[in-house]
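**Q** Generate the whole structure from the sequences, applying the supplied hints.
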Amino acid sequence: MHEVILTDDEKRMLQGESGLVAQKCMEYLLELCRVSGASRLIDLDGTGDFHTPMTSMSPYYEFPIEELRKIVDEGARFAIPTFANKAPFLAQPPVQGWEHCDVCAFQNDECLQSDPAFHHKAMREEWYELYRRMGMMTTHSCANYLVDTYWPTQGQHCSWNESSAIPYCNAVLGARSNIDGSFATCFLGKTAYYDMHVTENRYATVLVETERLIATDTEWDVFGFAVGEDAGVHVPCLTGTAKPTTTQLQKLNAAMNTGGAVRMYHIPGTTPEAPTTSYAFGGKTPQRTVVIGDAALRKAYDTLNYHTGDIVDMVYLGCPHLNIVDLMMLARKLDGKKAKIPFYIMTAPWIYHVAQEMGYVESFEKAGAHLMTGSCLAAMGAVPKGVKTIALDSAKQAYYITGCYPDEDNKLEVCYGSQDDCIDAALSGRWRGEWK
Amino acid sequence: MSEKIRIPGRGEYPGKVEAEALVSPKPLEGFANNNPGRGYTTERGHPLFGVPYKGKVLVYPSPRGSGGFMSYGFGDNKPAAFVHTEGCPLSVACAMVAHIPSMTDFADDPMKYIETGDTVLVNADEGYIEITKKQ
Chain A
1 MHEVILTDDE
11 KRMLQGESGL
21 VAQKCMEYLL
31 ELCRVSGASR
41 LIDLDGTGDF
51 HTPMTSMSPY
61 YEFPIEELRK
71 IVDEGARFAI
81 PTFANKAPFL
91 AQPPVQGWEH
101 CDVCAFQNDE
111 CLQSDPAFHH
121 KAMREEWYEL
131 YRRMGMMTTH
141 SCANYLVDTY
151 WPTQGQHCSW
161 NESSAIPYCN
171 AVLGARSNID
181 GSFATCFLGK
191 TAYYDMHVTE
201 NRYATVLVET
211 ERLIATDTEW
221 DVFGFAVGED
231 AGVHVPCLTG
241 TAKPTTTQLQ
251 KLNAAMNTGG
261 AVRMYHIPGT
271 TPEAPTTSYA
281 FGGKTPQRTV
291 VIGDAALRKA
301 YDTLNYHTGD
311 IVDMVYLGCP
321 HLNIVDLMML
331 ARKLDGKKAK
341 IPFYIMTAPW
351 IYHVAQEMGY
361 VESFEKAGAH
371 LMTGSCLAAM
381 GAVPKGVKTI
391 ALDSAKQAYY
401 ITGCYPDEDN
411 KLEVCYGSQD
421 DCIDAALSGR
431 WRGEWK
Chain B
437 MSEKIRIPGR
447 GEYPGKVEAE
457 ALVSPKPLEG
467 FANNNPGRGY
477 TTERGHPLFG
487 VPYKGKVLVY
497 PSPRGSGGFM
507 SYGFGDNKPA
517 AFVHTEGCPL
527 SVACAMVAHI
537 PSMTDFADDP
547 MKYIETGDTV
557 LVNADEGYIE
567 ITKKQ
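Keeping their order, the protein sequence lines are chains A and B. Each residue of the first sequence is one higher than the one before, counting from 1 in the working numbering. Each residue of the second sequence is one higher than the one before, counting from 437 in the working numbering.
It should be emphasised that the hints constitute simulated quantities derived from the structure, not laboratory data. Everything numeric in this text was worked out from a predicted model, so none of it was measured. Just so you know, even glycine gets a beta-carbon here, dropped at the ideal spot from N, CA and C. Among the hints, erroneous ones may be present.
[As the list claims (entries may be wrong)] Listed below are the simulated DSS-like cross-link pairs for lysine-lysine, each with C-alpha atoms no more than 30 Å apart in a straight line:
hint	chain 1	residue 1	chain 2	residue 2
1	A	K411	B	K490
2	A	K299	B	K440
3	A	K299	B	K452
4	B	K492	A	K411
5	A	K436	B	K462
[To be verified] Partner residues are not named here, just some residues of chain A that face chain B (Cβ under 8 Å, in silico):
hint	residue
6	L30
7	E31
8	S36
9	G37
10	W127
11	V233
12	G260
13	A378
14	P406
15	N410
**A** Structural data, given as structure tokens:
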């Protein structure tokens, strides 16, 4: 094993001089360095988020709530601005709109999300009371960057933990994060110095070209999945696209981290570390050029679809969690309409009150759609009972949700397409979407 | 005695174990596309869909998808060791929850040599794997 160089302060923490919790966190960070190949830790000056309420990403470094309470009572604080990722594990109940959520978490009948007693228990408030006192903003969203109101600036070192959000940090904001947000990194304000923290690793190596201009939401989503499958763990430079909207960036980021593991990418002229294509590659020649042409897009679209018929039992929108403009557009599209089948829409909890104030929640209810927050079907590991075919507009959700139903006698089918295709399915109960 | 193929690499999580290889020709994906309770990938259309990895040296080209990739290291059904060509923070987190020998960054791509059913010695302490081809 390689040597990890710790500062005197870090060594003292490792020896327990700052208490048991700090010691556990430092042991975890030291192991993170050893496994990743990092030779040192870096002090974080950006932001963090982690999956709550777990006290560690690894079972070997967890500590009980009593230890947490002890340090909180002594005045412990997170070292960096810290946000909560999705709804509380394990059940991940919707934070708002749960009354309408007819999903049994992990298909366990005793975990019905719309049951008030279950919801109360699943929210695990005893943890958040402590975490809030430490300074955690309980945003409970995979896309908490939408509502954080305090973003890391270019070059700041962060510790986030959501595959669809990591490229928002790295590529969109130009800040630096690996997918390692945890209690330890946020409490100590340190993480292992490797991968996306290191400048050399952030340059593109794969040049991506297209045949058609990538412009619509669905094109960005399908393109993202195809690029992810091709680029794998490498950094692509995307050319041949229109200027992406925030919604499209959300889709791209989620889709690339479903088809692949793209923590960082460049769009010359759009993302901050790529004023030009040459700059994106750090002045070097691309190792590889790939054309994601119409055939590749078509193949990705077909992979994301997984259905034998055109009857649809349910529509789900909101992966990643929808932003406020998505909700506005959706409310307009649903005005005066009525869904024939269950229709769930998911956003971030801190957006819910704004949507309510704007009248969108009422508009959705009138159209037979329910706005929920903080969670998603794949995270809950289930769809409502009786749903055999679901319509989705998210490559990520479309590719994962079937994994919850691996048995031949309990299959789930997926109709994947545009948001308009999904709305049409909600109103008609039929799937008429096709690749355009 | 069949010839052994030795490939040096970087130990991620230490330890030494010898077991039968299970090779995934495609990247592996976790979160809802892995079921650690059953011990197999549930990614639709994946070559290893439904194939148990418990006790195997799980050989794969690279991790992909969500942070839930770490579920390959959960519980009693986890593999005996991980061997992967390329890595990223997903495979790092997975090695950390699994606490089983894990290796990457090889001098030559192990995917070129290992087939399912071969026996692989993973020596993450000394930094090499040794492949014994099945007869």
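**Q** A separate judgement is required for each hint: does it hold in the structure or not?
**A** Hint-by-hint comparison with the structure:
Restraint check for A:K411 and B:K490: satisfied, since their Cα atoms lie roughly 24 Å apart, inside the 30 Å limit. Proximity of A:K299 to B:K440 is assessed by CA-CA distance (about 40 Å); at most 30 Å being required, the pair is judged violated. As the CA atoms of A:K299 and B:K452 are separated by approximately 41 Å, the hinted pair breaks the 30 Å bound. Among the hinted pairs, B:K492 with A:K411 is consistent with the structure: their alpha-carbon atoms are about 28 Å apart, no more than 30 Å.
Restraint check for A:K436 and B:K462: the C-alpha separation of about 28 Å stays at or below 30 Å, so the hint holds. For A:L30, the suggested interface contact is broken, since its CB lies about 11 Å from the closest CB of chain B, more than 8 Å. A cut of 8 Å between beta carbons decides the hint on A:E31: the least distance to chain B is about 6 Å, and the hint holds. Taking 8 Å as the C-beta contact cut-off toward chain B, the hint placing A:S36 at the interface holds, the least distance being around 5 Å.
Among the interface hints, the one on A:G37 holds; its C-beta lies about 7 Å from the nearest C-beta in chain B, closer than the 8 Å criterion. Taking 8 Å as the C-beta cut-off, the interface hint given for A:W127 is violated, the closest approach to chain B being about 19 Å. Using the Cβ-Cβ criterion of 8 Å, the hint placing A:V233 at the interface with chain B is satisfied: the shortest such distance is roughly 4 Å. Checking A:G260 against chain B: minimum C-beta separation of about 5 Å stays under 8 Å; hint holds.
Checking A:A378 against chain B: minimum C-beta separation of about 5 Å stays under 8 Å; hint holds. The beta carbon of A:P406 is positioned within 8 Å of a beta carbon in chain B (closest approach about 4 Å), and the interface hint is therefore held. With a cut of 8 Å, the hint placing A:N410 at the interface with chain B is violated, because the nearest CB-to-CB distance is about 12 Å.
Checked against the numbered hints above, the structure violates hints 2, 3, 6, 10, 15; every other hint is satisfied.
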